[in-house]
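Student: Okay, here's what each chain looks like letter by letter:
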Amino acid sequence: MEINVAQLFQTINLATIMPEVILSVVGMALLLVNVFVPSKSKGYLAWLSLAGLVAAGCAAASGWGQTIESFSGSVVLDNFAIFFKIIFVVAAGLAVLISDQYMEREGCNHGELYPLVLFTTVGMMLMASGTDMMTIFLGLELMSISLYVLAGFNRASVKSNESGMKYFLLGAFSTGFLLYGMALVYGATGTTRIAKIAAAAAQMQAPSTMFLIGALLILTGFAFKIAAAPFHMWTPDVYEGAPTPITALMSAGPKAAGFAAFLRMFLVAFPTLQADWSDLLWILAVLTMTVGNITALRQDNIKRMLAYSSIAHAGYALVGFTAANSTGTAGILFYMLSYAFMNIGAFAIVVLVAKQGETNGNVQDFAGLGHKRPALAAVMTLFLFSLAGMPPTAGFIGKFYLFSGAVEAGYVWLAVIGVLNSAASVYYYLRVMVFMYMKPAEEEFSWVSVSAPITLALVISGLGSLVPGIVPSYLLQFAEAAVKLI
Amino acid sequence: MSNILSVMTFLPILGVLLLLFIPKESKGVLRGVAMLTTIATFVVSLPILTGFQTIADYQFVENVPWIAAGPFAMRYNIGIDGISLWLVILTTFIMPIAVLSTYTAVEEKVKEYMICLLLLETGMLGAFISLDLFLFYIFWEVMLIPMYFMIGIWGGKNRIYAAVKFFVYTMVGSLLMLVALIYLYFLGTKAGITDFSLLHFFDLKVDPATQTWLFLAFAFAFAIKVPMFPLHTWLPDAHTEAPTAGSVILAAILLKMGTYGYVRFAMPLFPEATHQFTPLIATLAVIGIIYAALVAMVQEDVKKLVAYSSVAHLGFVMLGVFALNEQGVTGGMLQMLNHGVSTGALFLIVGFIYERRHTRLITDFGGLSKQMPIFATIFMIVTLSSVGLPGTNGFVGEFLILVGAFESSLRWWAVIASSGVIFAAVYMLWMFQRVMFGELDNPKNQVLEDLNLREIAIMVPLIVLIFVMGVYPNPFIEKMTPSVKKVIAKARIEPVATAKVEAPVAVQPEAAPVQPAADKPAGH
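Going line by line, the protein sequences match chains A and B.
Residue 1 is where the first sequence starts when you use the numbering used here, and the numbers rise one by one after that.
Residue 1 is where the second sequence starts when you use the numbering used here, and the numbers rise one by one after that.
Just so you know, the hints here were simulated from the structure itself, not pulled from any lab data.
Just so you know, even glycine gets a beta-carbon here, dropped at the ideal spot from N, CA and C.
Hints may contain errors.
Here are the computed lysine-lysine pairs in the PhoX-like style, where the Cα-Cα straight-line distance is at most 20 Å [what the hints assert, rightly or not]:
| id | chain 1 | residue 1 | chain 2 | residue 2 |
| --- | --- | --- | --- | --- |
| 1 | B | LYS27 | A | LYS372 |
| 2 | A | LYS372 | A | LYS439 |
| 3 | B | LYS157 | A | LYS439 |
| 4 | A | LYS355 | A | LYS159 |
Chain B is faced by these chain A residues, among others (derived, beta-carbon under 10 Å) [said to hold, decoys possible]:
| id | residue |
| --- | --- |
| 5 | VAL353 |
| 6 | ALA354 |
| 7 | GLN356 |
| 8 | GLY357 |
| 9 | PRO392 |
| 10 | TYR427 |
| 11 | GLU480 |
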C-alpha cells in the first residue's frame, strides 16, 4: 500500500493528543533538569510534574463536549477519553505528591521517578484515547514498561526487586495474550480499527471461531491488567513489594486505563458478541469480588490487604461492565475516579505510618493512631468508609450506581452477590479502625512530620472521597455524558 | 419557620462543628456545648409538636431536588406525620438525657464521645423524617457509624467484638434492602415514577410475587434492627458492652428504626406480601417474647437482663403492628415510645449502679434499698412501668397490642403472647428483689451513696412521662390516629376484598414467577 505522506499529515490534529504531548515534553524536560540541577532534594521535581499533570488535565478538559479524531481515526479525544484522562491525572498527581517523603525515607530519591510516572500516565492516556488496537497496545506497553521500572524502583530492597520482576514477567505474559487476541481479531476482520471491527463483525452471519477466540484472548489480557480473578495472582506480591506511592498509583491508574480500553473494545468492537462476553464477565465479576474480599479478610499487612481489596473493587466495576448499560458504565467511570481518591488517600496514610525499610506496615501498627494523630485517623476513617461503600461518601454513590446498572439490566442476583461481598469487605476495613481507635498504641510514636505535599494530597483525596458522596449530581452527569459517545 | 425540620435535624451538626474547635482538655466546655446543642434541638422540635395538626398528611414538608443523573432523581424530601412525630420528639427528648448521663461516666475522649452523640442524633432524626427512600437509606446507614464507635471505643471488656458484630449484622440487612430499593425504583420508572419519593411508590401496584422478594429484603433489614428472633443475637452483646448513653440511645431510639421501618415502608409498600408473611412474623414475634423472657430470667448481669427484656418488648410491638387494626398499630406505636422511656430509664439506672460499683452482676448486690432510698423508689417505678402495671405507660401499650391482636387474625398468637406479660413480671421483679431487697451484707454496698441531684434530674422527666402516658395517653394517641388509619388502609388487604379477587390473585402467582425469571437471568 502506497502511503501518501502529505495526506497522512493532514489527518494529524495535535489537539487530540495535547495532554499526551504536554506530559511527554514535561517528562523529558524533567529528565534533563534532574541531571543539570545539582540538588539533593528532589521535591521540586514533584511540584514540576504536578504542574505538568495539571496542564495536561486542563488541556484534556478543554476538549469536553466535542469529539476530535486524528491520525486517520486511530486516536480520539472524546468525553469518554477525557473523563479517564482526568482520572489518570488525579491518580498520578496524588502519587507524585506522596512520593517525595516516602522516597526520601527509603533512601531511593532518584529523580527518574517523576518522568517515569509521567510516561506511564501518557501510556494510560493513549489507552483511553485509542480507537485502534495498535494505539491501545502501544499505550499499554508504554504504561506497563514504565510501571515495571517503577515497581522495582527501590533497588536496595529485595521485595521491590521481586515486585518489579514479577510484574514484568506476568505483565509480559498477559500482553502476549492480548496481542495474540488482537492478531486473531485482525485476521478475522481484516482491520485493527475498533469501529471497523464492529462493522466487519456485523457483516458476519455467525461470528467465526477465530474472531471468538481473538475476543476471548483480548478479554483475558485485559482481565490480567485490571487484576480480575482468576488472573489476579500477581497483584498482592507486586503491590506489597513496590514502593507505596507506586502501589497507590498502580491500584488506581492502570486499573482505570485497563477498564477504559476494555470498555471501548468490548462495547464498540464486540457488541455482536455481547451475549457471550456478558456471561463471562458475570462469572469474572463474581469470582473477582469474592476472591478479593475473602482473601483480604485474612491479611495483616496493610498493603496486601489493600491489594486484595483492589481486586475486589475491580470486581464491583465488572458488575457495572456486565450490565453494559449507561448506568453501569457511567458507574465504572465514577467509581474509578472516586477509587483513585480514596485508595491513594489510604496509601498516603500507609506511607506516613510505615517506617524506614517498609517496616510497620501491618494493621497492628495503626494501634492508637486515633488518639495520637486524630486528624490523620479521621481522614483514614473517611477513606476506609468510602472503600467500604458507606454513605455519605463517594464510594457509596459509586457502588450504588454500579449495582443499579446491574439491577436495571436484569442482573439482580449479581447485584445481590455484590452487596453481600460489600458487607463482607466491611469487616476488614473496620479492622483497621478497630486498631486505630480501640486499641492502645504498643510503642511510642516517633513520627516524621507530615510534609506539605502529603498534606495537600490528603486534603484533595479527602474532599474527593466526601464531596461527591454528598452532592454527586455533577460528577454523575459528567460520567453519564462520557459514556454516551461510545 | 418553613424549614424547621431541617434546622432541627442539622442543628447537632452545628454542635459538632463547634466541638471541633474546643480543645479536648476542657471537658466541661465540651459537655456544656453538647448539652446545649441537644437542648436547643429539643426546643426547636417543640413547635413541631404544637404546630402539628391532627391529620394524616405529611406536615412541615420540605421538598427540593438533590441528585439528578442518568435514570435517577433523588430529592431532599422530608416531612412528618403521626407515625414519625412522636419518634422525632422521643429522639430530641432522650438526647439531652443521654448527654447528661455521661457527665461522670465518660472521662476519656469526651470530645469524640460528644461528637458521636451529636452525629447520631442527626442520623436518627434524618431517618425518621425522610420521605425519599434514598435519603432514608443514607441516614439509616449513617447512624451506624457513630454507634459503632461509641460501642467500640467506650464500651466494656468485649467491646470490639460487639461493635463489629453490630455493624456487620446491620450492614448485611441494609445492603439487601438497598438492592430491593433499586429494584423497586426501576419497577417504578416503568410505571412513570420519576424520583425516589415514598409517596409515589404507595400507588405502585407491584405484582405479588415480586412483592414477596422485595418485602423479604426490606423485612430482613428491619428485622435485624428491631431485632426479631432469631436475628437478635447482636443486641445483647451491643447493649452489654455499650456505654450507658449508647445503650440508652440504642434501646430508646435505634431499635425503633426497625419497627418504624415496617410501619412506614415494608407494610404499606407491599400489602400482599405483608398479608402473606403476617403469620410468620407474628410467630417470630411471639417466639421472641417468650424466648427472650426465659433467657432474661437466667441472666446474672442486670444489663443483659434489660437487653433481653428489650427483645421481648419489641416482640410485642411487632405483634401489635402486624395485627393491622387500629388498636394493634396504635398500641405498637405507643409501645415503641413506652419502651423508649422505660427501657431508656432502666439502662440509666443500670448505669448509675455500675458507676458506683463497677459491676453489674445481680449477686454482687442486695439490700440496696436501705442504702439508697431515692434510687429504690425510682427503680421501682421504672420496673413496674416496664412490666406494664396499670397506671404506668407500659400497661396502655401492651393492653392495646393484645386487644388488637386478639381481635385480628392473630388471636392465638395474642393468647400465647399474654403469658409473656407474666414472664416479664417474673424476671423484672425477681431481679429487683435480688438487687434492692434482702440483707445489705456486702460491705462495698454499705457505703453506696444515693442518687445525686444530676442523676435525679435525669430521671425526673422520664418518671413524669411514665405516669402521664400511663394515666392520660390520649394526646399521644390522638395525634397519631389519622396516620395510623392511613397506614392500615394501605397495608391491609381486606378479607372481603381478597375473597372477591380470589380468582385473579390465584392465577397471578402462577404467571408471576415466570416474569422475574425472565427479568433476572439467574443462570445468565
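Student: State for each hint whether it applies.
Tutor: Going down the list of hints, with the structure as the test:
no.: 1; hint: LYS27(B) x LYS372(A); result: holds, 18 Å
no.: 2; hint: LYS372(A) x LYS439(A); result: holds, 12 Å
no.: 3; hint: LYS157(B) x LYS439(A); result: holds, 12 Å
no.: 4; hint: LYS355(A) x LYS159(A); result: holds, 15 Å
no.: 5; hint: VAL353; result: violated, 20 Å
no.: 6; hint: ALA354; result: violated, 24 Å
no.: 7; hint: GLN356; result: violated, 31 Å
no.: 8; hint: GLY357; result: violated, 30 Å
no.: 9; hint: PRO392; result: holds, 6 Å
no.: 10; hint: TYR427; result: holds, 6 Å
no.: 11; hint: GLU480; result: holds, 5 Å
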